[in-house]
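Participant: Sequence:
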Amino acid sequence: MSADENGRSTEELRSAERRLQAAQLAGDADALELLLDDRLVFTGPDGQLYGKKEDLEIQRSGQQRLGRVDEEELALLVVGTTGVTWFLGTVAGTLGGQEFTARVRYTRTWVHTVEGGWRVVAAHVTPASAVDQCRIACEMAQLLVSLDQLACSA
1 MSADENGRST
11 EELRSAERRL
21 QAAQLAGDAD
31 ALELLLDDRL
41 VFTGPDGQLY
51 GKKEDLEIQR
61 SGQQRLGRVD
71 EEELALLVVG
81 TTGVTWFLGT
91 VAGTLGGQEF
101 TARVRYTRTW
111 VHTVEGGWRV
121 VAAHVTPASA
131 VDQCRIACEM
141 AQLLVSLDQL
151 ACSA
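The sequence shown maps to residues 1 to 154 in the UniProt record's numbering.
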């Protein structure tokens, strides 16, 4: 893939991510259906796995409504017909009638086809609070120390 093709693919992926966010905000299940691969596996913040069918049902039923998506950062990577987006930001809305606001990090894996363009095939969301970030950093540091890949003193 040439540099121009990769740049174009990255911008197309960014556009797909923006369309996904807009569809989520609008509660537009029809638009989401076009952006989600039939093989979608989504790991929710509860650690449970969900598929495309469940994702669309929660949108169509009104069980989940997003009222706000405040993006702090969005990183993208494209390798051939696979793309990854990393979103960090705050989302707010209702879930099961209960209001929520959460700072989260989404990781989405996308696949590109000529017929369908970019579609999400896997996604994961996790809380991104400062406390969680420190905890994860400490766990990673401990893992690296235990693997003798890093030496540090506490």
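Honestly, the hints are just simulated from the structure, not real lab data.
Watch out, some of these pointers could steer you wrong.
Distance condition first, Cα-Cα at most 25 Å in a straight line; then the derived SDA-like pairs of lysine to any residue [stated by the list, open to error]: (1) K52 - A22; (2) K52 - R18; (3) K53 - V84; (4) K53 - D38; (5) K53 - E73; (6) K52 - D30; (7) K53 - F42; (8) K53 - S129; (9) K52 - A23; (10) K53 - G117; (11) K53 - L34; (12) K52 - F42; (13) K53 - T107; (14) K52 - S15; (15) K52 - E71; (16) K53 - A26; (17) K53 - W86; (18) K52 - V111; (19) K53 - E72; (20) K53 - T43; (21) K53 - E115; (22) K53 - H112; (23) K52 - G62; (24) K52 - L88.
Participant: Each hint: holds or not?
Facilitator: Quick rundown of the hints versus the structure:
1. The hinted pair formed by K52 and A22 meets the criterion: a straight-line CA distance of about 17 Å does not exceed 25 Å.
2. This hinted pair checks out: K52 and R18 have alpha carbons roughly 19 Å apart, not beyond 25 Å.
3. This hinted pair checks out: K53 and V84 have alpha carbons roughly 22 Å apart, not beyond 25 Å.
4. Simply put, K53 and D38 have alpha-carbon atoms about 8 Å apart, close enough for the 25 Å limit, and the pair holds.
5. With a C-alpha separation of about 29 Å, the suggested pairing of K53 with E73 is violated against the 25 Å cut-off.
6. The suggested pairing of K52 with D30 holds, with an alpha-carbon distance near 12 Å, which does not exceed 25 Å.
7. Restraint check for K53 and F42: satisfied, since their Cα atoms lie roughly 11 Å apart, inside the 25 Å limit.
8. Between K53 and S129, the direct Cα distance comes to roughly 29 Å. Violation of the 25 Å bound is thereby established for this hinted pair.
9. Proposed proximity of K52 and A23 is supported: the alpha carbons are some 14 Å apart, at most 25 Å.
10. The suggested pairing of K53 with G117 holds, with an alpha-carbon distance near 20 Å, which does not exceed 25 Å.
11. Restraint check: the Cα-Cα separation between K53 and L34 comes to about 13 Å, which is no more than 25 Å; the hinted pair holds.
12. This hinted pair checks out: K52 and F42 have alpha carbons roughly 8 Å apart, not beyond 25 Å.
13. About 20 Å separates the Cα atoms of K53 and T107, which keeps this hinted pair within 25 Å; it holds.
14. Restraint check for K52 and S15: the C-alpha separation of about 21 Å stays at or below 25 Å, so the hint holds.
15. The straight-line distance between the Cα atoms of K52 and E71 is roughly 24 Å, inside the 25 Å bound, and the hint therefore holds.
16. A threshold of 25 Å between alpha carbons decides the hint, and for K53 with A26 the separation of about 18 Å falls inside it, so the pair holds.
17. For the given pair, K53 sits about 23 Å from W86 by alpha-carbon distance, which is consistent with the 25 Å threshold.
18. Taken as a hint, the K52 and V111 pair is honoured in the structure, with Cα atoms around 15 Å apart against an allowance of 25 Å.
19. Pair hint K53 plus E72 does not hold up; C-alpha atoms about 29 Å apart against a cutoff of 25 Å.
20. For the hint pairing K53 with T43, the CA-to-CA distance comes to about 14 Å; that is within 25 Å, so the pair holds.
21. Annotation: proposed proximity of K53 to E115 holds, straight-line Cα distance about 21 Å (limit 25 Å).
22. For the hint pairing K53 with H112, the CA-to-CA distance comes to about 20 Å; that is within 25 Å, so the pair holds.
23. Annotation: proposed proximity of K52 to G62 holds, straight-line Cα distance about 16 Å (limit 25 Å).
24. Distance hint between K52 and L88 is fulfilled; the C-alpha atoms sit about 22 Å from each other, no more than 25 Å.
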